[in-house]
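Undergrad: Sequence:
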Amino acid sequence: MASSCLNLAKSFLEKPAISAFDKLNQRNRFCSSLMGFPVWKCNGRIVCCHAKGQVRTPNGQSSPAVADDNLIFSKSNEDFHMLDLVSSKGANGSTTLIGFEAGIGIASFLRGKTFFITGATGFLAKVLIEKILRTAPDVGKIYVLVKAKSKEAALDRLKSEIVYAELFRSLQEIHGNTYQEFMLRKLVPVTGDVREANMGIESALAEEISEEVHVIVNSAASTTFDERYDVAMNINTIGPFRLMSFAKRFKRLKLFLTSVDRQGRVMERSFCMGDTISKELASPDFSADSMPILDIETEIRLAFSSTKAFDDSLLVKQMKDLGLQRMMDPIVLYYGKGQLTGFPADPKGVIDVIPADMVVNATLAAMAKHGWAMEPGINTYHIASSTVNPLVIQKLCRLLYKYFNSSPFMDSKGMPIEVPQMKLFDDINKFYTYVESNVMQQMSSHEKMSQQLNKICTMLVEQAKHLANLYEPYTFYSGRFDNTNTQRLIVEMSEEEKREFSFDVGGIDWEDYITNIHIPGLRRHVMKGRGMCGSGSQLVTTQL
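Numbering (the working numbering), first residue to last: 11 to 554.
Read the hints as simulated data drawn from the structure, not as lab findings. Hints may be right or wrong, so weigh each one.
[To be verified] Lysine-lysine pairs mimicking DSSO-like chemistry, simulated, CA-CA at most 30 Å apart:
| hint | residue 1 | residue 2 |
| --- | --- | --- |
| 1 | K169 | K157 |
| 2 | K508 | K264 |
| 3 | K405 | K508 |
| 4 | K196 | K157 |
| 5 | K151 | K264 |
| 6 | K423 | K433 |
| 7 | K475 | K358 |
| 8 | K423 | K440 |
| 9 | K258 | K159 |
| 10 | K141 | K264 |
| 11 | K196 | K161 |
| 12 | K508 | K433 |
| 13 | K196 | K440 |
| 14 | K141 | K508 |
| 15 | K264 | K358 |
| 16 | K412 | K433 |
| 17 | K141 | K159 |
| 18 | K440 | K508 |
| 19 | K196 | K258 |
| 20 | K169 | K196 |
| 21 | K169 | K151 |
| 22 | K433 | K405 |
| 23 | K405 | K440 |
Could you build the full structure based on these sequences and the hints that come with them?
TA: Spelled out as structure tokens, the structure:
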């Protein structure tokens, strides 16, 4: 590939340099590498030799020369932007290239790139957008897919759920009075829906996106544990397929990145077409009679009725906006409020908990690594703690007990709510019995219990059962996630990148994270300070 443009490269070098270039090329075809590009240093010059050889200057002009003594060619047959490549001669005549840092080159990759992000109003995507705009303010446009009835409604959602969100407070402080102008210049709301062909985007805008975008990030998903089966299938399974079909139109696409949840003892490789589970089916432990029969109509009806019965819409929205609709968060809140004193779970089981900023940092590192290489293929990275730094359920319960005993919620009278040690049940039916007996005991001790309070107790019992049934597959889950690829990615990073884009889950101190970050975040952002000492709003509690 390099030899195909050797003569073209020579034509731009001064004659005295040609001889040195020839000798260097004969001695070592690729004397060094810069972010995957073959590089020659010759009389103070840096030459990256590739097929097209066009460099686009800030005013849009194309030229084979970056500077008086620089020649750069693009690996991907695309123009480079001159702003990305600036040469500088040192005192000894050597040439350095400003803009390419050691390591993976995350910041350099982001510079000037245009993104298309689905699920942009979800928490994880918002963390990603914030990180990109904060670490690479010279990024190109970020097209964000927003489900809305009109362009105006999409812009309103963009402003209310992203631009003015508390998550972007650091950016507001950085840009000051120009913050809104900066955000609206970078973020382009796109009215659409992953449940529709071509994402439901109008044709003219779809064409613009396909012409401009370098990176697609799919973050659209239903994260509700008891979502209707047909809705979850349409969004989480068929949605990415539609997006990939749309991506085939993209002319400058470097990378398609999707974020998913996986279960089992999972290695960091993809399940390919043609793979089978025949070995598992042939196991003597497997019986066709043991396979559950899928009754879709019943599943839809039950999911709908249970969601309708137990969905506290305001609380759910606040939790989803903050990425807190996770398995342990409702349990933490109910336990802290004294409404849940036990739960069915394997004490030695492991919960895979990962801070959102680490997920985003790993996403950007993987994005840069494979965006630079542009080698076709599927690469899988698990951002997981279960193998390198497992959080055991029994330890989590001890941390919750320790936290809420030192920083308790307050009841309606302003008195601290005392919580006992969390009881863990190895059988869900034992938990049902425990909950019902606790409530019956409380009801019998209050002979004049009002009808309303009686109704609340009954509802809490059903809610506890619902949570237990919903989370049983996870609290008794024995899956582990291999993260060898992720560890290798960390090794490739420079020290500066490790500081700016850290995602080493092995270094998480779980006690510090749970007690000083996670639970305080729940209380501050979801509970809005309710039930805290000195707050005007206290809690009414009924213990289960």
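Undergrad: Out of the numbered hints, which ones does the structure contradict?
TA: 8, 12, 13, 15, 18
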